[in-house]
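Asks: The primary structure of each chain is shown beneath.
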Amino acid sequence: MEIKLTVNGTARSDEVEPRLLLVHYLREVCGLRAANVGCDTTSCGACTVLLDGESVKSCTVLAVQANGRSVTTAEGLVAEDGTMSAVQQAFRENHGLQCGFCTPGMVMAATSLLAENPDPTEQQVREGLEGNFCRCTGYHNIIRSVLAAAGKLSGAEGAGGTGASSEVNA
Amino acid sequence: MSILGTRVLRTEDPGFLTTGAVYTEDVQDERLAGACYVHFVRSTVAHASILSIDTSAAQDADGVVAVYTGKDLAEAGIAPVKPMMPNMNQMMVQSLLATDMVRFVGEPVAAVVTEEMYQGEDAIELVDVDYGILPAVATMRQALSGERGLLFPDAETNVVVRYGDESESNRDLFEGCEVVVSEVIQNQRVAPAPMESRSGAAVWGEDGRLTAWIPNQGAQGTKGALVGILGLKPEDVRIITPDVGGAFGAKFGADSEHAVICWIAKQLGRPVRWSETRNENLLVMPHGRAQEQKITIGGMRDGTVLAYRLEVLQDCGAYPKAGAFLPMLTRLMTPGPYEIPRAEAFTTSVVTNTTPVGAYRGAGRPEAAAAIDRAMDLFADASGVDPAEVRRKNLLPKFTEPHKTAFGAVYDSGDYVTALEKALAAAGYDELRAEQARRRAAGDTLQLGIGLSSYVEITGPGGEAGGPNENSTVEVHPDGTATILTGTSPHGQGHQTVWAMLASEELGIPIDKITVKWGDTDLVPRGGGTGGSRSLQLGGAAVQQASRELLDVARERAAATLEASPSDLVFDTEASAFTVKGDPDISVPLSSLAEAERLFVHTVFTSPGPTFPFGSHVAVVDVDTETGKVFLRRVVTVDDAGTVMNPLLAEGQRHGGIAQGAAQAFLEEVVYDDDGNPLTATLADYPFLSATEVPSFDLVDMETPTSYNPLGAKGIGEAGSIGSTPAVQNAVIDAVSHLGVRHIDMPTSPQRVWRAIQAANGSKEA
Amino acid sequence: MIPATFDYQVADSAAHALSLLAEHGEDAKLLAGGHSLLPMMKVRLAQPAVLVDIARVGELSGIRSEGDELVIGATTRHADVAGSDLVRAEVPLLAYAAAQVGDPQIRHRGTIGGSLAHADPAADLPMTLLALGGSVEITGPAGVRTVAADDFFAGPFETALSPDELLSAVRVPRGGDVPWGYQKFVRRANDWAIVGVAAYDGRVALANMGGTPLRALAVEEALRSGASAAEAAAHAADGTSPGYDFHADTEYRKHLARVLTKRALQGETG
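Quick note, the sequences are listed as chains A, B and C, same order. Under the numbering used here, the letters of the first sequence match residues 3 to 172, in that order. Under the numbering used here, the letters of the second sequence match residues 1155 to 1920, in that order. Under the numbering used here, the letters of the third sequence match residues 7 to 276, in that order.
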């Protein structure tokens, strides 16, 4: 079946079989490999992209379902001049990634979360990322990154303050 | 201004965040053009003889290039793989593809090769395997008793190996103890479940060499494993390590599937690719932990511990792998950071019809820490002494000279009491106890639990003659850039950034001009990889040493160039140049000394021995006593791994370890039914930790350097996961101890907690 | 991980969807958000030969008020039900329940009709519809019929829908001030309920205590007789036949049903 859609702002037209998963369409047909496949039960979120601006798990969307729609991947968050988005920048500054496998999905989920709730509490961020698994970071710096992107952390705490101290806190 | 000890952002990240890292599944290389895809047919039963395998329907299916079984490998002369250590029962061999027997659900039985990826999952459904079902040895106890039979009749036992001679057990170990407590506890099986499952790509070149892309924790070890399994010549094999999406101990060496795809690539004369599904990953990637422990602890009513016995039953799964030998490390760390006059440990490793068990973050040491810290709390409970006080009383006092334990471990430096006090103070221990008392008096539904752990662990071990070591090459180029080759193998730890920091500190070259390479066996033929928290203390030290040795070489060249004596030269790090003492206008840049002749040094750094980071964790939980559900509210930790090179990254390692360790305590478990069928083989069923179950963590800094390397660094990678597991478990039990509960096995699921409350009879007597 | 092959048809109206269902019979399945169906197809527990995509049929989506009911189109997504000002004001229990389904990504795709038609006894919305005393509108070759929630769920993953029918809308009673409560007991936030309870206006429904969502009739009876929340909740497990797994055996589930029913009746959410 032929599908026509926009991927990261570029119009595309491709012939695909109905069972082709959107994540494989993006990776194998479009060559956009930031989104990863991490599970088979729609659990882990490593495949998260934006469909018409909203986060979806692209492993559970058929490419044919995206016909006529617009898809944004992590690659597409980068400006023409190479500047990362505020969310990507915040992840970098707050060490919100280690092995990086969950990261593009996490960034897309966070981007969608902040679009819907620009001023979340820590609890809302944790719940907002309940569909995105990470094995490396323990989530601590991911949460910090999202709150930083939301502008919650003040400049002084900004890059990297984690509450660690060499003084004993009573 | 030193760059060491500062929060340098990772140079890896811009790529990781935008186009994504390049994992094995992402690799696009012209050598892999036209690759076909391998999918595996796997056993659906835990224990059976293979009566027949009918591949005819699969062979006729769309896009199928070939179908291979164990028979094809045997005919090609590929022998089954023997257990990795000679003291393990050598009859317990594993065929790469099962031939006459399957011994766990998920064991590979056949390999189907297709032109396109999607065709593979269609084709494997068409392979028909006829199984003769046998009783499954589903548990360690069944393995020991023999009631379900033997996995390897030729082995005449289900026992793989033992450590410690039980016949030498001291029957009077607990003589003179006023209080003795004993409990059988579980350190349950968990799944490493890195976010990147296993995969591989392989091609044989016209030069007769194999090039394989495999996610791993040490390309040199992976190469060695493949060479051994397939009977190849080392010079014919090149392993390339793409970015690796987490490993946690489960990606060392080479698995059956890696060997099979390399072999298939040779048979077909075509490049071959393979990726497993998450279900396969949870079924087949080696599991972690899986110990049953009997702990017996005795001492005086004032809280002094006199004696401790640890008896370990280790589940190896169906084929002995690293898991079989980990109890040796558990035994080594039996007393932990405590001074226990009389202690002994005995371990037995057995096979069962389950997934093989391997190394998983901490690999044998978390098991020891969990046992001794559970024992300390049981002892505290039985003797009526506060758990913090029991620890204070029994921790080894501070030492700066190496301390050898009765089990042969030589702890390099330690200050365990200070770590405990810092953690308690940061947690507000007294206030927490007061709040707990208030809620107990009020009979609140939500009760507060406080759990402690004090741990020490062994990092950077090495069995090599001459001590643990790692190599590095540092080269400075005429254009002012530098390249570092390292034998370590990062998979999220940030070596690219920190190794550059270490070289930059010596050479004055900015880190964005330094390239770090690893994981290509043609480029770096030797290396110990990354595991056992070895990388900074050995690999980082090697980078520093190579950089310093490079300056020595450069100094000679500079002296010749400037017609001065080497001792008259000063290296100006900021300028990255040699100048003449007292005459700074006469200088020569370091990079220029590489123009006439390459400027590089290869060095090996050798440590006198492994190092021993340590710490204390305080976990705070709420337990809903009506439902048993546990809410993890706080984890306050001291994790002392000596001098910290990059606090940002060190904290990240601690966070990740704390979360994984906590997850084992209250959430995660691999479960099998009584027929050996796995019940937790998807991420929906396996209770993998998500962001909503853990809080942000409170880290307290403490650095007690080691004298074993110039950095003063010990290993941080596993420490967090060692301390948090017992702290969280102890906290849950503490929350309901006033109701008479003294032990709850991990994970402290709501059902387990609720049942423990029901089983205990009302309020505890004072 | 990859579904078996299938044919894909896009319906441009409800009538078109019905004609495709009639043409393909049991070989065809309807696809809206796909977040109940596609996961099953990916592990090959479902292998329909034809998927009929109704996601773009305008008449099947939307939320409107009709007398004393809200009418919600079947292909309305969970995120839209949860975020709708109308639903939050008029049927806050439903808005809350929709916000509990899965995770944000799943809620951007999954639909109320899809979830109800899938009829997982552990799911949020079937239990909620039962507590609300709502109904579903079913459109078929013979026209439109309405089936009360009490009569809709036939068994695990089984409903009153025939293969040639489609669930076209959901009807729920308006009642912004009606007391309600919701409890979903999970190990992790985006799990299905080990046990779930929805309480609304004296009706109590349970998730995962049997092959379908169940009314806790003994609890409702006790409430009518004047029992307190705690007293009535003691009957929550009466008449239930919960299964068991490693998370929870039957005895523990029954206990949870009692505790969670008490909390739901006390107006708590969690």
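By construction, these hints were calculated from the structure, which means they are not laboratory data. Be aware that a few hints might be false.
Examples of chain A residues lying across from chain C (beta carbon under 7 Å, computed) [unchecked claim]: (1) P20; (2) R21; (3) D42; (4) T50; (5) G55; (6) S57; (7) V58; (8) K59; (9) T62; (10) V66; (11) P122; (12) E124; (13) Q126; (14) E132.
Quick list of simulated restraints, FRET-style, between CB atoms [to be verified]: (15) B:Q1421 - C:A55: 41 to 47 Å; (16) B:S1206 - C:T275: 54 to 60 Å; (17) C:T275 - B:R1295: 41 to 47 Å; (18) A:M3 - B:G1188: 44 to 50 Å.
Chain C regions said to be covered by chain B (calculated; three or more residues, Cβ under 8 Å) [unchecked claim]: (19) 7-18; (20) 71-80; (21) 258-264.
Glycine included, C-beta positions come from ideal geometry on N, C-alpha and C.
Asks: Enumerate the violated hints, using their earlier numbering and listing them in ascending order.
Replies: Of the numbered hints given earlier, those the structure breaks are 5, 11, 12, 13, 15, 18, 20, listed in rising order.
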